[in-house]
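Sequence order for the protein chains is G and R.
Positions 1 to 765 (this note's numbering) are the ones given, in order, by the first sequence.
Positions 1 to 449 (this note's numbering) are the ones given, in order, by the second sequence.
Calculated from the structure, these hints are not laboratory results.
No experiment lies behind these values; they were computed from the predicted model shown.
Wrong hints could be hidden among the right ones.
As the list claims (entries may be wrong) - With a straight-line cut-off of 20 Å between C-alpha atoms, the simulated DMTMM-like cross-links for lysine to aspartate or glutamate are:
(1) R:Lys-409 <-> G:Glu-29
(2) G:Lys-365 <-> R:Glu-90
(3) R:Lys-284 <-> G:Glu-45
(4) R:Lys-284 <-> G:Asp-97
(5) G:Lys-110 <-> G:Asp-139
(6) R:Lys-423 <-> G:Asp-351
(7) R:Lys-423 <-> G:Glu-109
(8) R:Lys-428 <-> G:Asp-97
(9) G:Lys-355 <-> R:Asp-283
(10) R:Lys-284 <-> G:Asp-351
(11) R:Lys-95 <-> G:Asp-701
(12) R:Lys-285 <-> G:Glu-45
(13) G:Lys-314 <-> R:Glu-290
(14) G:Lys-365 <-> R:Glu-290
(15) G:Lys-400 <-> R:Asp-283
(16) G:Lys-314 <-> R:Asp-411
(17) R:Lys-285 <-> G:Asp-76
(18) R:Lys-285 <-> G:Asp-351
(19) R:Lys-419 <-> G:Glu-45
(20) R:Lys-419 <-> G:Asp-76
(21) R:Lys-428 <-> G:Glu-45
(22) G:Lys-355 <-> R:Glu-290
(23) R:Lys-428 <-> G:Asp-749
(24) G:Lys-156 <-> G:Glu-29
(25) G:Lys-74 <-> R:Glu-90
(26) G:Lys-408 <-> R:Asp-283
(27) R:Lys-95 <-> G:Glu-45
(28) G:Lys-110 <-> R:Asp-283
(29) G:Lys-355 <-> R:Glu-90
(30) R:Lys-284 <-> G:Glu-318
(31) R:Lys-95 <-> G:Asp-76
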Amino acid sequence: MKAVMKNVSETISKSKPVLYEVPLKPMKEFVEEAWEIISPVWPLENVIACNPLQGLESLGFEKAIQKGFHLFEKSDLPEPLCNINRETIKWCQAFFDRGQSTFPMPGREKGLYQAWLELVVYDKKLHHNDASKIQQIKDMPRNSQVAISHLCKLLKIPYSLTKEVLILLLTSMPGWSGYIKYRTEWDPVFSSKKNISLADDYLAMRLLMVLLLWPDISEYIQNSKLYSVGVDFVDDKMSKMKNLEEQYSSTLLPILRYQVKAGEINPRKQSFNAQLVFCIDVRSEPFRRALESVGSYETFGFAGFFGLPIKIQKISQEGFDSCPVLLDSQHIIKEELSCCEKKSEKYLKGDAILKNIKRLYHGLKYSFSTHFGLVETVGFWSGLWMMLKTVFPTFAITLKNKSIALIKPNVLLKPDVEKRLGLSNEVTGIDFVDQCQYAANALIMMGLSQDFAPVVVFCGHGSTTQNNAFASALDCGACGGRHGGLNAQSLAAILNNAQVREWLSENKGIKIPKETVFIGAQHDTTTDSVALYADKECEQKLGDKLTKLKDDLFSARIKNNVHRSQQLGYFSNSQSSVRHCINRSQDWAQTRPEWGLSRNASFIVGPRSLTKNIILDGRSFLHSYDCKLDTDGKFLEIILTAPMVVAQWINSQYLFSSWNNVAYGSGSKITQNITGKIGVMQGNGSDLMHGLPLQSVYKDDLNPFHEPMRLLTVVYAPRAMIDQIIRRQACLQKLFGNGWVRLAVIDPDDQLSYVLKRDFTWEKN
Amino acid sequence: MLTELVTAVFNLDALAKIMIGLVVFIGSLVWLFSYRYMQGDRHYSRFLLRLSALCLSVLLLFLSDNLIVFFLAWCLSNFLLVMLMVHKNEWEAAKVSGILTAKNFILGAICLAGAFHILFVITGSMSIQTIIQIELHPTQQLALSFALVLMLLAAMAQSAIWPFHRWLVSSLNSPTPVSAIMHAGLINGGGFLLARFGQLFLMEKRLLLVVFSLGLITALIGTVYKLIQNDVKRMLACSTMAQMGFMLMQCGLGLFPAAVAHLCWHGLFKAALFLGAGGAVQDKKEISNESPSVSVLISSLLCGVLGSYCFAFASGKEWFTMDSSLVLVVVAFLTSAQFSLSLLKSLGKKYLIMALFLSIAIGVSYGLSVSLITNWLMSLNLSEAQPLNSIHLVAIFLLIFGWVSVQYKSDLYKFLWLKNNLKAFYVKTLNASQPHPRTITVQRNHYQY
């Protein structure tokens, strides 16, 4: 244990030596520094991939791994701390529940610490009916910040070890701490109420538990013995990883270089049937390749929120941010019905009916005495439904969807991008100039500012899975862990506006032909079906072109399904592969509906012609970029600091989930237990298991599918430009300099590839 | 010779048939589910093999007419269940769950062995069919009572009846399909045991009241536990506990076929919920927390009366009787009342007519699903409603009181004098419903897959 402490204290003392002559650091700073080690954990509703060692990114990669090993992979916590963890799990479950319990913990509106303080006087498991302990609880300050100092004093924790104790309390359950970090710093709902400091509350609660269950903690900390650490184990994994990385880059870079040399990178001349813009997600790449092979299509890669920082307000549902979590949403976009009044009315009515049916069922289920009657009344039907779902999964879900459609017809829903003032004075939509700016930026950044095809499709993505706690981990990260179709539709709507086109032509020189139509779409990453959100007007205008596009999208789907099925261990011909993929997406017994972003390895920034002839095997994030359109490097800077950072978050989540699926992943799905609808625990109760489940990164219990590898970013742009960007951006210096991401450049000038070393010099490769 | 042996050891009566139907149905679905769900597990085939063996041993249990075969099948299936529970055997917490369950089952098995031994001694027969029809000498009455008490204990241990419920609340370290088969299959063993020897219990009126009271306590505690749980699987487990309590109540009412109906329908219901527990995030809860107005409450009580009348009609009971089946009518009354209440609360009072019609539908379908099974079991003469008793009335009161309190839950904290009591009650219940401490994975890295 002391090794842990020592390790931590070393890094502190090196950076900021503690001298007793100078004024002592206030407790607040210790608390803040301790929290820096924890990385946020998003709720299951919108899982955002994130580096579990985010707090250690200021260290070199190897060092961070070592430190992470001491902090998070240890398994020898002292007994009293285990008891404290058990009680913490109980209370965190109760406080953070979002709609599982019928009778939630009372007084939650007062915040974690205060609500808990009012209840803990009754908690025999904490005070064991000891009058003096109950008195201690009653004497606690009501303010959590004050309480932390007070408790440290009571516990006689030496000043020099205060931070270590706080770190121990946070890192012994990184999942719950991480969720609290999310709630304090990232949750768009919660962070607005700044006065409630959840981070302090949690530490105060933990420290009071220490006082009650582990009063001699300071003795333990001072006397605990050193223990040896399995450093070799880490080194072994590390060298294996580095070999893989080396193999990968030494294969990829020469091929890319060859493409440049062979003169594949030419200005686009050919005219295409359609242009399609996909998300940079690695799952787009094989589909794009399949589509390009079946017809004359040009494809682009762009962040799946299509540059629109928006919050989406769905009909009769709560709104949610649909943009990267690094951005704050700026506009509310309302979803609206785009069909005749009669059908719209039926849709809204049906929606209400369905909600009421559920209310009737839940009313019986979550009441007193009536659940006895409920099971006997519906038992037969629930058995029948279970049989259908197990024996004929696809049929069952189709049946369900069709029945729902009888009540609530399927209608095309459209985002309303125009700026409007709502009934209760809320502003929705985007004002005209912003619309034009967003459109211009998106087009230029993706390299599509001339030679428009008659049809341009913006294609967001989302997954379709059943009975899957981690469903949102398969959705679009750029849209904040949601389906990306509405963002795509929004940008299409903006660009179909004649006035916007006029503005673009006048101000930015982007001339969009009159006959060009923009369509929003959504790529289903589980089945590869693409839903084109084209309304009647658009269908009439395009006619055969649209039919052809749909046919080709289907051919691409078949092609990609064969490949996808093989990766999932099913080898067959095209038709049955399509069926197989659909089955996986509809099957409630399926723990591996798709491979998600497993095996992701590189982030390639450049024109499509650079990668068009290469089979990248679904391992690359592809961001379209044309350095000739970006002379000052402004757009490349955005690409490297936004989409690439998101890609790095994703990459490190996959890396660490397969590195150690217990410490950094969430373990096997088969024993997971969803708590509070926010996260999973293992079995009866555990830390909040953050990270990806075993089934997302492992082929089976023993063999990984995703092998740990750091992201290799390859940029097709002049080195000098990149040097300047790195000089400006501290976050890039951190990522490249500490080895979290490897950067390679293919310089258009000398057509050679260079790899950036950690000291920011280039090495010819 | 062989046929003689088979007829001596096995008995395929209506009860056996329905239980076999249930286990074959749920067992094969859970098997098929696991065939895909467990793919990639390092002990994949061992799991499926054990699951099949479990189903077979349970079938043997339901078929057997011989005390020894019955006992062996009972032990074997419980053993296999424990082995399935500790499927991830490198995970300490799972192992402790298994040991806890095993201890509980061993206790149950000892009680069962004792009960069977006494039955054999006083009747001189190994055949269950013979035993339950035997005419006893008054001097043997005490021994029989003792045997039945032991049997009741065995059933309680099996069906997680208070105070034997701890293992069930601590059993969620098992893989999901194991929970499904457990909550739909083996946990019903207690109910099956009581129904199998129902004729004997019907002779012991006082014991029936004990059975009823234990069931009532379990049903009440389980319901309260269920309503405060914050994770999906423990919520389901506590709910099962409550449902087992209700099943035991039905046994105590002398209505064994109704208890069998309950365990069948509950088995299907709960297995489906367990297998679908991964969808809890997307399954948003829709209940209105506001208290109903007086007129809405009265209207829904009216609907409840109508619904309960239809229930009684469809299940072939009298609506207002002075015997113990009144308790079931009250449950039907509360069920239709709750249904109408939710409807009227969300749609408004003008939908009263619709609520009345739907109450009829609820009452009838509830009644029919019960009578479907009770009629099937008619020939076994297991149904004998008991005269109404003060304990029954207390139960009726508590069921109604609990229901009304839930309707006014948002008002409860407004009573200041109640506030602290409620808080204390919340903490107490939360602590009581926690799993055994050693079955919780307090150190993340002690979890093993």
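Outcome of the hint check:
| no. | hint | in the structure |
| --- | --- | --- |
| 1 | R:Lys-409 <-> G:Glu-29 | 43 Å, violated |
| 2 | G:Lys-365 <-> R:Glu-90 | 36 Å, violated |
| 3 | R:Lys-284 <-> G:Glu-45 | 11 Å, holds |
| 4 | R:Lys-284 <-> G:Asp-97 | 12 Å, holds |
| 5 | G:Lys-110 <-> G:Asp-139 | 18 Å, holds |
| 6 | R:Lys-423 <-> G:Asp-351 | 38 Å, violated |
| 7 | R:Lys-423 <-> G:Glu-109 | 15 Å, holds |
| 8 | R:Lys-428 <-> G:Asp-97 | 18 Å, holds |
| 9 | G:Lys-355 <-> R:Asp-283 | 12 Å, holds |
| 10 | R:Lys-284 <-> G:Asp-351 | 14 Å, holds |
| 11 | R:Lys-95 <-> G:Asp-701 | 19 Å, holds |
| 12 | R:Lys-285 <-> G:Glu-45 | 14 Å, holds |
| 13 | G:Lys-314 <-> R:Glu-290 | 25 Å, violated |
| 14 | G:Lys-365 <-> R:Glu-290 | 17 Å, holds |
| 15 | G:Lys-400 <-> R:Asp-283 | 15 Å, holds |
| 16 | G:Lys-314 <-> R:Asp-411 | 32 Å, violated |
| 17 | R:Lys-285 <-> G:Asp-76 | 39 Å, violated |
| 18 | R:Lys-285 <-> G:Asp-351 | 15 Å, holds |
| 19 | R:Lys-419 <-> G:Glu-45 | 33 Å, violated |
| 20 | R:Lys-419 <-> G:Asp-76 | 41 Å, violated |
| 21 | R:Lys-428 <-> G:Glu-45 | 31 Å, violated |
| 22 | G:Lys-355 <-> R:Glu-290 | 17 Å, holds |
| 23 | R:Lys-428 <-> G:Asp-749 | 74 Å, violated |
| 24 | G:Lys-156 <-> G:Glu-29 | 19 Å, holds |
| 25 | G:Lys-74 <-> R:Glu-90 | 17 Å, holds |
| 26 | G:Lys-408 <-> R:Asp-283 | 18 Å, holds |
| 27 | R:Lys-95 <-> G:Glu-45 | 32 Å, violated |
| 28 | G:Lys-110 <-> R:Asp-283 | 27 Å, violated |
| 29 | G:Lys-355 <-> R:Glu-90 | 44 Å, violated |
| 30 | R:Lys-284 <-> G:Glu-318 | 12 Å, holds |
| 31 | R:Lys-95 <-> G:Asp-76 | 19 Å, holds |
The structure shown violates the earlier hints numbered 1, 2, 6, 13, 16, 17, 19, 20, 21, 23, 27, 28, 29.
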